[in-house]
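**Q** Given the coordinates of chain A, work out where chain P with the ligand should sit on it, guided by the hints.
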Amino acid sequence: MKILVCISNVPDTTTKIKLNGEKTAIDLAGVQWIINPWDELALTRALELKEASAGKITKISVISVGSQGAEPTIRKALAIGADDAIRINTEPKDAYFAAFQVAEAVKTEAYDIILCGIESSDYNGSAFGGMLAEFMDLPSVSSVSSFELTGDVVKVNREIPGGYEVVEPQLPFVAVVQKGIAKEPRIPSMRGIMMARQKPLKVVEAIMADALTGFVAFEPPQPKAACKMVDPANVAELVDLLHKEAKII
Amino acid sequence: MSYPYLAPDYFQLDDLLTDEHKIVRSAIRDWVTRSIIPIIDQAAQNNEFPVRIIKELGELGAFGPFIPQEYGGAGLDHISYGLIMTELERGDSAIRSTASVQTSLVMYPIFTFGTEDQKRKYLPLLASGEMTGCFGLTEPNHGSDPGSMETRIEDKGDYFLLNGAKMWITNSPIADIAVVWAKDEKGMVRGLIAEKGMAGFSAPKTHNKWSLRASETGELVFDNVKIPKENIFPNIRGLKGPLMCLNSARYGIAWGAIGAAMDCYNTALQYSLERKQFSKPIASFQLQQKKLAEMLTEITKAQLLAWRLGTLKNANKASPAQISMAKRNNVKMALDIARESRQILGAMGITGDFPMMRHMMNLESVITYEGTHDIHLLITGNDITGIAAFE
Ligand SMILES: Cc1cc2nc3c(=O)[nH]c(=O)nc-3n(C[C@H](O)[C@H](O)[C@H](O)COP(=O)(O)OP(=O)(O)OC[C@H]3O[C@@H](n4cnc5c(N)ncnc54)[C@H](O)[C@@H]3O)c2cc1C
Chain A
0 MKILVCISNV PDTTTKIKLN GEKTAIDLAG VQWIINPWDE LALTRALELK
50 EASAGKITKI SVISVGSQGA EPTIRKALAI GADDAIRINT EPKDAYFAAF
100 QVAEAVKTEA YDIILCGIES SDYNGSAFGG MLAEFMDLPS VSSVSSFELT
150 GDVVKVNREI PGGYEVVEPQ LPFVAVVQKG IAKEPRIPSM RGIMMARQKP
200 LKVVEAIMAD ALTGFVAFEP PQPKAACKMV DPANVAELVD LLHKEAKII
Chain P
0 MSYPYLAPDY FQLDDLLTDE HKIVRSAIRD WVTRSIIPII DQAAQNNEFP
50 VRIIKELGEL GAFGPFIPQE YGGAGLDHIS YGLIMTELER GDSAIRSTAS
100 VQTSLVMYPI FTFGTEDQKR KYLPLLASGE MTGCFGLTEP NHGSDPGSME
150 TRIEDKGDYF LLNGAKMWIT NSPIADIAVV WAKDEKGMVR GLIAEKGMAG
200 FSAPKTHNKW SLRASETGEL VFDNVKIPKE NIFPNIRGLK GPLMCLNSAR
250 YGIAWGAIGA AMDCYNTALQ YSLERKQFSK PIASFQLQQK KLAEMLTEIT
300 KAQLLAWRLG TLKNANKASP AQISMAKRNN VKMALDIARE SRQILGAMGI
350 TGDFPMMRHM MNLESVITYE GTHDIHLLIT GNDITGIAAF E
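These protein sequence lines are chains A and P, in that order.
Heads up: the first sequence begins at 0 in numbering that gives the first Met the number 0, then just goes up one per residue.
Heads up: the second sequence begins at 0 in numbering that gives the first Met the number 0, then just goes up one per residue.
Hints should not be assumed to be uniformly reliable.
What the hints assert, rightly or not - In silico DSS-like links for lysine-lysine, alpha-carbon gap of 30 Å or less: (1) A/K15 - A/K55; (2) P/K275 - A/K243; (3) P/K185 - A/K92; (4) A/K246 - P/K185; (5) P/K275 - P/K316; (6) A/K154 - A/K1; (7) A/K15 - P/K289; (8) P/K279 - A/K223; (9) P/K225 - P/K120; (10) A/K1 - A/K246; (11) P/K279 - A/K17; (12) P/K275 - P/K182.
Read the hints as simulated data drawn from the structure, not as lab findings.
So here's chain A without its partners, still in its complex pose (with noise of 0.2 Å):
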């Protein structure tokens, strides 16, 4: 059995947003990259899948959309335990376009179960799973919280509002994973990382192909408003203050 997890590489969460001085897109310079947070909750499921599969499961694959500043993620991938990792040599310019690489890319490949994130923590699309299933031909299911694999048998929880279903899909198939699939990322020990080092990262080209969906401008959000602290004694001030400037009372 073959696992595909397909990672994308996006800005540290911590990082301070900057947009450049048309607001067309965003300033990359100083930017830490991280795996998606998401994506690497799906490749540390798939991880304590295969050490629980008694050699089952034979290979975990990472598949990447992004040039060349993507490779520490996908190294941080093999370093963690992934065994071999492709790179699609391109931007990826919006869900359509990156899962059309990535079902090119790996069409030739018979892997049982492909695991994604829900959505990425940089543009939050939530689009890529559902299409890449299409692009696939392959059954999908969403919102994946738990995944559990007894023999060829795969049973997942899909996060639906009030509560869970259980769903036992058909494989080959997609798992669009959230929080919940694991408990937390694991860290790459320093000799994982020189393991790495040995480990195939395949580049291949992107094949032509249009993106969709285009960015006009990004706008940030207001700052939040001043706190304005009011003595516990002062009642008549708080009053005061919601209703001439809160306006709410």
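**A** Frame of chain A; chain P with the ligand shown alone:
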């Protein structure tokens, strides 16, 4: 309370690092955020070494990262070792000290001076954290002047008899083995491995420290301890042995101190932007900006010094005097930044809710051990004049 850790990189030094360096750094940073930051203030307040971290550091591969893989190390370069030290010391100098001692003062001498049997016996266990080591050079009467040490070994035919005492030894109370430096009958310094459990060997704990409170410090007392001959390092004689170990450890400290400084700077910067006085963030006052700007300037210089030293060390060209200069500069830089940044926090800065007091107190040890601030200056003085002022 702690702010998200945003490590400053004002001169885009990241461009000088390889992808692998960045993965190493982020791995250790994540571990420190997960395993150290939540517990370190309590550990220091309670004067408790969080023993579990030894196993965790072993699993991470933070012990002996530059030791070859066949002996359990990771076989990484010296810049990786430096980055590991920086990240660990962002957590606490106690954590970095444990990794420094295990790596540079225990694994390094065994790897460099030890027999093949010694390497095979000890290095993999030390690397995995299943075994803890310590390093005994300093004595009650001989600190800066270890050449006058009193600890002695006597050749008794089948074994060596070890007598003497070592003081201020990091991890001695919890260590399984000690790399000990002692003089033989001819007055020649020799290195050996003493194991806990050998009759006559005890390691009492040192109490009442105000510094490195989350680290164990103690003595090593040898009362007619029989050391098997196979525990001696065969290939090294003289002070050169311990000094080579100290070089490796000092190199790591030159990097480590930057982590403590960056933690203090990051905390002060974020606090100064939030804290308002006279209806403005205190970061808007020139005096606070001067402090912050000077801190970042000093951190940047220290980062550059460490990185260059790392490239020299990778090429096996870093001289002991260069390492002394970097250790001295970077530790003083960190101590000054701990003090200045604490002032930016006003009264809040004296509490354990913020890391400054802890780093500041820790750095008092760091500026003393592995060669005091004065001694490192004299090493530079000696190097540039050719005249030793301390012999
Ligand atoms: C927390 C902690 C952990 C330690 N861990 C270890 C360990 O694991 N292993 C180990 O072997 N040691 C360890 N040490 C000991 C440390 O290396 C010594 O404290 C250090 O070398 C200084 O020696 P000393 O304390 O005896 O000071 P001294 O040598 O007595 O120095 C006192 C003062 O005199 C100054 N001085 C000395 N000689 C001269 C001179 N010629 N010219 C000008 N000034 C001079 C010094 O700079 C210093 O300011 C540790 C120390 C501490 C505090």
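**Q** Measure nothing beyond the straight line between the CA atoms of A/K15 and A/K55; if it is 30 Å or shorter, mark the hint as holding.
**A** Violated: A/K15 and A/K55 sit about 43 Å apart, past 30 Å.
**Q** Do the alpha carbons of A/K15 and P/K289 lie within 30 Å of each other, as the hint requires?
**A** Distance ~23 Å between A/K15 and P/K289 Cα, so the pair holds.
**Q** Taking 30 Å as the top limit, are the C-alpha atoms of P/K279 and A/K223 close enough?
**A** holds, 16 Å
**Q** Sort out whether A/K92 lies within 30 Å of P/K185, counting only the CA atoms.
**A** Given pair P/K185, A/K92 is violated - Cα atoms ~74 Å apart, limit 30 Å.
**Q** Quickly compare the C-alpha distance for P/K275 and P/K182 to 30 Å and report which way the hint goes.
**A** violated, 61 Å
**Q** Against the 30 Å threshold, does the CA-CA distance of P/K279 and A/K17 hold or violate the hint?
**A** holds, 23 Å
**Q** Sort out whether P/K316 lies within 30 Å of P/K275, counting only the CA atoms.
**A** With Cα atoms ~50 Å apart, P/K275 and P/K316 exceed 30 Å; violated.
**Q** Verify the proposed pairing of P/K225 with P/K120, using a straight-line Cα cut of 30 Å.
**A** Within the cut-off at roughly 19 Å; holds.
**Q** Hint check: A/K154 vs A/K1, CA-CA at most 30 Å. Holds or violated?
**A** holds, 17 Å
**Q** Compare the distance between the alpha carbons of A/K1 and A/K246 with 30 Å, and conclude whether the hinted pair is satisfied.
**A** violated, 60 Å
**Q** Verify the proposed pairing of P/K275 with A/K243, using a straight-line Cα cut of 30 Å.
**A** holds, 24 Å
**Q** Checking one constraint from the list: CA of A/K246 to CA of P/K185, max 30 Å. Satisfied?
**A** violated, 90 Å
The structure fails to meet hints 1, 3, 4, 5, 10 and 12 from the earlier list, while all remaining hints are met.
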